[in-house]
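Novice: Residue numbers (the UniProt record's numbering), protein chains in the order written: chain A, 1 to 246; chain B, 1 to 264.
Please note: incorrect hints may appear among the correct ones.
[To be verified] A few chain A positions that, by computed beta-carbon distances, are all more than 12 Å from chain B:
| id | residue |
| --- | --- |
| 1 | D122 |
| 2 | H197 |
| 3 | M199 |
[As the list claims (entries may be wrong)] Where chain A lies over chain B, by a calculated footprint (3+ residues, C-beta under 8 Å):
| id | region |
| --- | --- |
| 4 | 57-69 |
| 5 | 192-204 |
[Claimed, not checked] Derived DEER-like restraints, expressed as beta-carbon distance ranges:
| id | chain 1 | residue 1 | chain 2 | residue 2 | range |
| --- | --- | --- | --- | --- | --- |
| 6 | A | K69 | B | Y97 | 49 to 55 Å |
| 7 | A | E12 | B | L39 | 26 to 32 Å |
| 8 | A | E125 | B | I48 | 55 to 61 Å |
| 9 | A | K26 | B | D123 | 30 to 36 Å |
| 10 | B | L218 | A | N134 | 20 to 26 Å |
| 11 | A | E125 | B | L39 | 24 to 30 Å |
| 12 | A | S141 | B | I213 | 31 to 37 Å |
| 13 | A | G55 | B | K166 | 43 to 49 Å |
| 14 | B | I213 | A | G55 | 57 to 63 Å |
| 15 | B | D123 | A | D204 | 44 to 50 Å |
| 16 | B | I48 | A | R203 | 48 to 54 Å |
| 17 | B | P66 | A | Y11 | 43 to 49 Å |
| 18 | B | A69 | A | A52 | 46 to 52 Å |
| 19 | A | K224 | B | N156 | 44 to 50 Å |
Calculated directly from the structure, the hints in this document are not laboratory data.
Virtual Cβ for every residue (Gly too), placed ideally from N, Cα, C.
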Amino acid sequence: MLTIEGLKKGYEGNEILKGISIDVNKGDVISIIGPSGSGKTTLLRTITTLEAADGGHITFAGVDKDFEKLNGKDINTIRRNVGFVFQNYNLFNNKTALQNITEGLIVARKVKKSEAEKIALDALERVGLSDRKNHYPSQLSGGQQQRVGIARAIALNPEVIFFDEPTSALDPELVGEVLKVMQDLANSGTTMVVVTHQMSFARDVSNRVIFMADGHIVEQGDPKKIFENPSEERTKKFLTDILANV
Amino acid sequence: MSLNTDFMVKVAQTAIQGVPVTLQIVLVALLISLPIGVLFALIRIYRIKGLELIVKFYVSLVRGTPIIAQILIVYSAFPSLLNMMIGKAAFSINPIYYAYIVFTLNSIATLTEVFRSALQTVDKGQMEAGLMVGMQPRQAFWRIILPQALISALPNIANATLYLIKNSSLAFIMSVKDITAIAKTEAAFNYNFLEAYLVVWVYYLIICYGAEIIFNLLERYFSKYRRSAKRTTGFNWNPFSIKQPKLVVKTDLAESERTNNAHN
Numbered sequence: 001m002l003t004i005e006g007l008k009k010g011y012e013g014n015e016i017l018k019g020i021s022i023d024v025n026k027g028d029v030i031s032i033i034g035p036s037g038s039g040k041t042t043l044l045r046t047i048t049t050l051e052a053a054d055g056g057h058i059t060f061a062g063v064d065k066d067f068e069k070l071n072g073k074d075i076n077t078i079r080r081n082v083g084f085v086f087q088n089y090n091l092f093n094n095k096t097a098l099q100n101i102t103e104g105l106i107v108a109r110k111v112k113k114s115e116a117e118k119i120a121l122d123a124l125e126r127v128g129l130s131d132r133k134n135h136y137p138s139q140l141s142g143g144q145q146q147r148v149g150i151a152r153a154i155a156l157n158p159e160v161i162f163f164d165e166p167t168s169a170l171d172p173e174l175v176g177e178v179l180k181v182m183q184d185l186a187n188s189g190t191t192m193v194v195v196t197h198q199m200s201f202a203r204d205v206s207n208r209v210i211f212m213a214d215g216h217i218v219e220q221g222d223p224k225k226i227f228e229n230p231s232e233e234r235t236k237k238f239l240t241d242i243l244a245n246v
Numbered sequence: 001m002s003l004n005t006d007f008m009v010k011v012a013q014t015a016i017q018g019v020p021v022t023l024q025i026v027l028v029a030l031l032i033s034l035p036i037g038v039l040f041a042l043i044r045i046y047r048i049k050g051l052e053l054i055v056k057f058y059v060s061l062v063r064g065t066p067i068i069a070q071i072l073i074v075y076s077a078f079p080s081l082l083n084m085m086i087g088k089a090a091f092s093i094n095p096i097y098y099a100y101i102v103f104t105l106n107s108i109a110t111l112t113e114v115f116r117s118a119l120q121t122v123d124k125g126q127m128e129a130g131l132m133v134g135m136q137p138r139q140a141f142w143r144i145i146l147p148q149a150l151i152s153a154l155p156n157i158a159n160a161t162l163y164l165i166k167n168s169s170l171a172f173i174m175s176v177k178d179i180t181a182i183a184k185t186e187a188a189f190n191y192n193f194l195e196a197y198l199v200v201w202v203y204y205l206i207i208c209y210g211a212e213i214i215f216n217l218l219e220r221y222f223s224k225y226r227r228s229a230k231r232t233t234g235f236n237w238n239p240f241s242i243k244q245p246k247l248v249v250k251t252d253l254a255e256s257e258r259t260n261n262a263h264n
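Please build the complete structure, drawing on both the sequences and the hints.
Specialist: Shown next as structure tokens:
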């Protein structure tokens, strides 16, 4: 459904992504793990065209092109078919929880207001926040904000939702509620690509784990295999380091 | 020395005709310079080639010269320029138009800087979130970025407006019949300068106070989405209560209390 080949991206001569290829199938829940600075976030941002890539090919939602050749129309198509959940939520501060969700539907998808509100309420219901629909982001806790962020992404019914470290900015005791929502989503068949430091999520919820380091995909495969029997030395070291802290 | 109160009442009655003139100058200057200020701020933020340099130069030019010099230049340059173009009719133009020009040009420079800083306070994640729900950059700007920037700009716009109100008193130099000009004329007739100026003083005070109230209401209305100021501790903005809230730190919390409190 989504295929990326040889994706490259650098900043000022500093190469962050050195040719990444991934394949996302419908219903996949893919966790991307790896040390900080390995390019995980940049990968999501380039796939979703938030950042321009320097090279590579994308096949997604009818677009089949090299990244450099994407025109405005292609970029619109890609953006309309992805959802994005940000590390720091990025809810629209001047909109209520409900408006945060209806905004994209009404403005970008031209859905009627009444219908958009119905969709938004459903989405809020799914993340367990229908009673907070008229709250502004500043009146919500971090966990609640992130759940609204997730609701905003699912309301658009995208082909795939990207999560950029969705729990990294949260207080430890709020991580659980967000992971729970993500698990429910995964179980309902939503296609998800998740950059995460939550090893439990990667291990228990995803059906594929990608380990990235220094702009390369070092290893990918079944979570069980990656966590219990990684074939690369680099993966083994990362997992030992990170699991020692859990 | 005693104040001639009868004269003050008389000046107050005549000078009140200048109030609409003053307000007119302020409103025209504000209404024109607000959108242009946003535009110029955007030119600076997005570093649009060529234009950026012009805006920068313009802002320095206006901010680096006293308003009285700007008034004198516009008031001597424009009539003779117009005279060349449309002939004698140039001299019968109501001088208030020159006031509009000076104060608009002046406010544009101030507001450009106000909006530049306000737009930069809006996190760039807001734009990205807009793009990721499928909005065009233009849509995200109008619906998400600008409303937030306007609110953080409000206190500074209020500030600029107050300066504008007070600066407009210099319009008398261009023989505009505003509050100051009328009071000065009255005073010159009767040699009661102090009385006349006290009246002027009170009028500006009232107008500025009114503007302050309006801006306060606007701020309160539009920042409903922000965390209310009451919840903050530390700096107490209310000038009348000098007492600072006392901060108490409980160090002997039980584990359960600790987790309960952590949710807030």
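Novice: Are the hints correct? Go through all of them and say.
Specialist: Against the structure, the hints come out as follows:
Even its closest Cβ contact with chain B, about 16 Å, leaves D122(A) beyond 12 Å, as expected for a residue assigned away from the interface. Taking the minimum C-beta to C-beta distance to chain B, about 20 Å, the non-interface status of H197(A) holds against the 12 Å cut. For M199(A), the condition that its CB be more than 12 Å from all CB atoms of chain B holds, with the nearest at approximately 23 Å. For the region 57-69 of chain B, the stated coverage by chain A is not satisfied: 0 residues place a CB nearer than 8 Å to a CB of that chain, which falls below the threshold of 3.
Here the region 192-204 of chain B counts 0 residues with a CB under 8 Å from a CB of chain A, which misses the bar of 3, and the coverage is violated. Hint check: K69(A) to Y97(B), Cβ distance near 54 Å, so the stated range 49 to 55 Å holds. At roughly 31 Å, the beta-carbon separation of E12(A) and L39(B) lies within the given 26 to 32 Å, and the hint holds. For the pair E125(A) and I48(B), the beta carbons lie near 45 Å from each other, so the given range of 55 to 61 Å is not met.
Checked against the hint of 30 to 36 Å, the pair K26(A) and D123(B) passes, with Cβ atoms roughly 33 Å apart. Between L218(B) and N134(A) the Cβ separation comes to about 22 Å, which falls inside the hinted range of 20 to 26 Å. The hint said 24 to 30 Å for the Cβ distance between E125(A) and L39(B), and at roughly 43 Å that hint is violated. Checked against the hint of 31 to 37 Å, the pair S141(A) and I213(B) passes, with Cβ atoms roughly 35 Å apart.
The hinted range of 43 to 49 Å is not satisfied by G55(A) and K166(B), whose Cβ atoms lie roughly 59 Å apart. Distance hint for I213(B) and G55(A): a CB-CB separation of about 59 Å, consistent with the stated range 57 to 63 Å. Distance hint check: the CB atoms of D123(B) and D204(A) are about 33 Å apart, inconsistent with the given range 44 to 50 Å. The hint said 48 to 54 Å for the Cβ distance between I48(B) and R203(A), and at roughly 50 Å that hint holds.
Take P66(B) and Y11(A): their Cβ atoms lie about 46 Å apart, and the range 43 to 49 Å holds. A69(B) and A52(A) have their C-beta atoms about 47 Å apart, which keeps the hinted 46 to 52 Å range intact. Here the CB-CB span from K224(A) to N156(B) is close to 58 Å, at odds with the stated 44 to 50 Å.
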